[in-house]
Amino acid sequence: MSRVGRNITVSIDRLRHLGHRQDRPGRIASDASTCPKCDSHYSGDEMRRNLRVCPACGHHFPVTAHERLEQLGEPGGYVELWSDLRAADPLQFTDIKPYVDRIREAESKTGMNEAIVCAEIEVRHVPCVAAIMDFTFMGGSMGAVVGEKLARACEHAAQKGIPLIILSSSGGARMQEGTLALMQMAKTVIALDALAEAQVPVIMILAHPTTGGVWASFASLGDVTYAEPGALIAFSGPRVIEETTREVLPADFGRAERQLANGQVDAVVDRRELAARIGRVLHILAPPDGEALLATPPGWAQGGAERVGRVAQSLPSIPGKIMGRIRPGSGDDEGPAE
Amino acid sequence: MSGGKPDGPSFVRRVTGKLGRSSGAQVDEDLWASIQLARHAERPYTLDYINRITSDFEELHGDRLFGDDPAMVAGFGRFHDRAVAFVGQQKGRDTNERTYRNFGMASPEGYRKSMRVMEIANRLGMPIVTLIDTPGAFPGASAEERGQGGAISRSMQLMWRLDVPVVAVVIGEGSSGGALGLGIADRVLMLENSTYSVISPEGASAILWRDASQAKRAAQAFKPTAANCYRWGVADAVIPEPPGGAHTDHEQAAEILGQYLQRTLLELEAQTPAERRVARRDRFRRLGPLRDPEGGVAMASGRDAPPPG
Numbered sequence: 001m002s003r004v005g006r007n008i009t010v011s012i013d014r015l016r017h018l019g020h021r022q023d024r025p026g027r028i029a030s031d032a033s034t035c036p037k038c039d040s041h042y043s044g045d046e047m048r049r050n051l052r053v054c055p056a057c058g059h060h061f062p063v064t065a066h067e068r069l070e071q072l073g074e075p076g077g078y079v080e081l082w083s084d085l086r087a088a089d090p091l092q093f094t095d096i097k098p099y100v101d102r103i104r105e106a107e108s109k110t111g112m113n114e115a116i117v118c119a120e121i122e123v124r125h126v127p128c129v130a131a132i133m134d135f136t137f138m139g140g141s142m143g144a145v146v147g148e149k150l151a152r153a154c155e156h157a158a159q160k161g162i163p164l165i166i167l168s169s170s171g172g173a174r175m176q177e178g179t180l181a182l183m184q185m186a187k188t189v190i191a192l193d194a195l196a197e198a199q200v201p202v203i204m205i206l207a208h209p210t211t212g213g214v215w216a217s218f219a220s221l222g223d224v225t226y227a228e229p230g231a232l233i234a235f236s237g238p239r240v241i242e243e244t245t246r247e248v249l250p251a252d253f254g255r256a257e258r259q260l261a262n263g264q265v266d267a268v269v270d271r272r273e274l275a276a277r278i279g280r281v282l283h284i285l286a287p288p289d290g291e292a293l294l295a296t297p298p299g300w301a302q303g304g305a306e307r308v309g310r311v312a313q314s315l316p317s318i319p320g321k322i323m324g325r326i327r328p329g330s331g332d333d334e335g336p337a338e
Numbered sequence: 001m002s003g004g005k006p007d008g009p010s011f012v013r014r015v016t017g018k019l020g021r022s023s024g025a026q027v028d029e030d031l032w033a034s035i036q037l038a039r040h041a042e043r044p045y046t047l048d049y050i051n052r053i054t055s056d057f058e059e060l061h062g063d064r065l066f067g068d069d070p071a072m073v074a075g076f077g078r079f080h081d082r083a084v085a086f087v088g089q090q091k092g093r094d095t096n097e098r099t100y101r102n103f104g105m106a107s108p109e110g111y112r113k114s115m116r117v118m119e120i121a122n123r124l125g126m127p128i129v130t131l132i133d134t135p136g137a138f139p140g141a142s143a144e145e146r147g148q149g150g151a152i153s154r155s156m157q158l159m160w161r162l163d164v165p166v167v168a169v170v171i172g173e174g175s176s177g178g179a180l181g182l183g184i185a186d187r188v189l190m191l192e193n194s195t196y197s198v199i200s201p202e203g204a205s206a207i208l209w210r211d212a213s214q215a216k217r218a219a220q221a222f223k224p225t226a227a228n229c230y231r232w233g234v235a236d237a238v239i240p241e242p243p244g245g246a247h248t249d250h251e252q253a254a255e256i257l258g259q260y261l262q263r264t265l266l267e268l269e270a271q272t273p274a275e276r277r278v279a280r281r282d283r284f285r286r287l288g289p290l291r292d293p294e295g296g297v298a299m300a301s302g303r304d305a306p307p308p309g
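As you go down the protein sequences, you meet chains A and B in turn.
Just so you know, the first sequence maps onto residues 1 to 338 in our numbering.
Just so you know, the second sequence maps onto residues 1 to 309 in our numbering.
Here chain A stands alone, though its shape is the one from the complex (with noise of 0.2 Å):
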């Protein structure tokens, strides 16, 4: 249990040393995995199949935001917005290293111009905007780019009047742009006002972690909040928590079930059923033209359902299938945000 709670505590020295790594594997997408809750481990075929969610343990792994879109689409059905938008370096910063070299080391370990990807989808045939934040790209942090992104994604779907889903796997606020970082909270918070002025409805899901500056701006501002399973929902986070205050934490703070409890979020959602879930309350909110009206349960609701338990029944549903493989040692280099 003590096993649990450290693994999955953010420490930003630990995403920081992560971030140094000159010898980091490319995307993860690829990547097979071992649990880091179960030691059960995967190859990267069985863990996209089960959206990479530890069949034994249910324990939710990353995902990157294009991976992201296609768990929440169709494979391929989704068209990107604003990809070429790129990071400045308004204060020419440098901590241990140049904001420019970890710019493009984060290029091009991840493939990505910046830490969200803005799409055009249909999540279970109704169309929406999506914006979706990858922790992979400098720890998911929100500079002038996301900031302009998320701006843009509330404006585009209160301009077509069709709903937004943000997914929220952000650190917080980006160090390297200063103080402009911290005003990227403000934007995005008087941006989400268009969608209220336009009477579409934000579906907010918190992956891991969703801390900081996020989670005091837009993350914390959903009409319907979701919660991954697991997922570090806070402010403040536990280390700084802990040696500001002295307090000793429990071991979920934070944590998605305990916020569920303390009344920050609607529900906890398992990321095998998350797609069906917004689905569901889509149909409730901004039905497509005429579904408000059918008497009948429409049919992706029977369909999502038998697909999930299609995926779980594909898989190795109980770790002694592959104990043969589970490997000493833990792939916490991946692991969710430690």
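Careful: at least some of the hints might be erroneous.
Here are the simulated DSBU-like cross-link-like pairs (lysine-lysine), alpha carbons at most 35 Å apart as the crow flies [unchecked claim]:
hint	chain 1	residue 1	chain 2	residue 2
1	A	K160	B	K216
2	B	K216	A	K97
3	A	K109	A	K97
If you're looking for bench data, these hints aren't it; they were derived computationally from the structure.
Keep in mind it's a predicted model, so treat the numbers as computed, not measured.
Fit chain B to the known structure of chain A by using the hints.
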């Protein structure tokens, strides 16, 4: 100070020039000195200003939900023949008071109290002035469990929605979302020796250098001075302090602040609520340079000129 019009352009320009050049590897001692002044133990705090610039100030207490947060002050006062709502983080002067005020680190109840007062002000049509002075929102387990993140985001949301004029003044240390929670305004003013940053130098040092002793270098990297914030477009004006800093003369510091506030409020009161809200949104929408292949090299938000007087 002379008459109703604050002087000081030349003074501000001089300071701007001095701080504005800060770059390069070596530690800029002027910049560090300015940051130390922002947190000077004798610096005037929120109530020091409010009590000097208002006649009659009625402080309100409690968020009507959970409790009262002494780290946040909120209430109404008379300012130049009108009622004005004031809210702001409050630091303490001696050890007991510092503990009582929680070092100016507000809890969710603080933001909810200030929101309550802002809603009343909006309903009654009185302008709102926020005074920002905090190392950040309180990082405690109890604050987290009562929704610190949501309290800050909802405070920002409310401030953007307000119909009445809103002015935010960074009077000392403005760090992190805890500061920005009171920062969504038609005009953001900064005292000459105040700072406005994504994180305190000490916090940045621990995170980025993994060494708490690198605060000077962190400050150097963030350059969060009033003059730089003006240049970035984060601040709309820099308010001069008495020679040597606000701590040397509370009366004069408050007098200058009052003059700037009055002038700013008169400007804003000449606009309609709709005009103010559009401008308020656009003001924050512009902030944050980036490389946009379609829109040119960068979306510049900054200014080249020094702050006007």
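Consistency of the hints with the structure:
no. : hint            : verdict
1   : A:K160 - B:K216 : violated (48 Å)
2   : B:K216 - A:K97  : holds (17 Å)
3   : A:K109 - A:K97  : holds (17 Å)
Going down the numbered hints, you'll see the structure goes against just number 1.
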